[in-house]
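Q: Chains as they are written, first to last, in our numbering: chain L, 28 to 140; chain W, 143 to 254.
Hints may be right or wrong, so weigh each one.
Unchecked claim - 27 Å max Cα-Cα, derived DSS-like pairs, lysine-lysine:
#1 29/L - 212/W
#2 199/W - 72/L
#3 212/W - 195/W
Since the hints were derived computationally from the structure, they do not count as laboratory data.
In this text, all values refer to a predicted model and were calculated from it rather than measured experimentally.
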Amino acid sequence: RKEVEQDPGPFNVPEGATVAFNCTYSNSASQSFFWYRQDCRKEPKLLMSVYSSGNEDGRFTAQLNRASQYISLLIRDSKLSDSATYLCVVNPNYGGATNKLIFGTGTLLAVQP
Amino acid sequence: DAGITQSPRHKVTETGTPVTLRCHQTENHRYMYWYRQDPGHGLRLIHYSYGVKDTDKGEVSDGYSVSRSKTEDFLLTLESATSSQTSVYFCAISSGGRGWVYFGPGTRLTVT
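The task is simple: from the sequences and hints, build the whole structure.
A: Written out as structure tokens, the structure reads:
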């Protein structure tokens with residue numbers, strides 16, 4: 028079983044739609060969680076951290092469910108510019124401070140005009 | 143954007159030749175990482191460094207070595223390149239703790 032699992036998609040949605048991605052992780056001791064965005068042939072870029080209380084940044088909302096070991100990302104009012112691959116990322120080593128991140132394989136989002 | 147550069151950005155080499163990829167940062171971050179990205183596997187950690195001359199292996203370290211003689215530079219060496227090392231290589235940096243991890247622009251390596 029992979030340490031971090033995501034539905035690879037693609038998710039094809041029209042502009043203005045709301046779309047949600049889920050991700051599950053296997054290490055229950057994992058401490059910190061992130062969503063990264065990666066455009067085609069570019070480097071991954073941090074989108075947002077994920078906290079148990081949930082956090083929101085504009086049209087993006089991230090949520091962590093520790094009991095079920097899953098992380099979610101909700102995108103409201105999708106824009107064409109949201110088209111990208113979204114990577115679910117887990118840091119099992121917080122406290123050790125080395126930030127050896129574990130990446131999911133990514134979910135591809137294609138927003139259609 | 144975080145100050146991370148990678149060189150070269152593209153390289154084609156032949157099987158059996160040595161290859162060195164360079165990562166340079168201007169952020170003075172303690173931690174540096176080398177990842178490779180392949181279809182179906184996502185990003186996988188090759189080696190990382192937690193200080194000058196301090197390095198450790200990651201998930202897929204076989205066939206790779208690293209060196210860090212200065213805070214700002216982290217080198218990845220393929221001693222004898224193989225076709226299975228054809229990949230996109232990303233360098234990353236972090237200040238540690240809850241510090242976020244930032245990636246360089248990547249190096250596309252093709253081993254023929």
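Q: If you check each hint against the structure, which ones fail?
A: When the structure is compared with the hints, only number 1 turns out to be violated.
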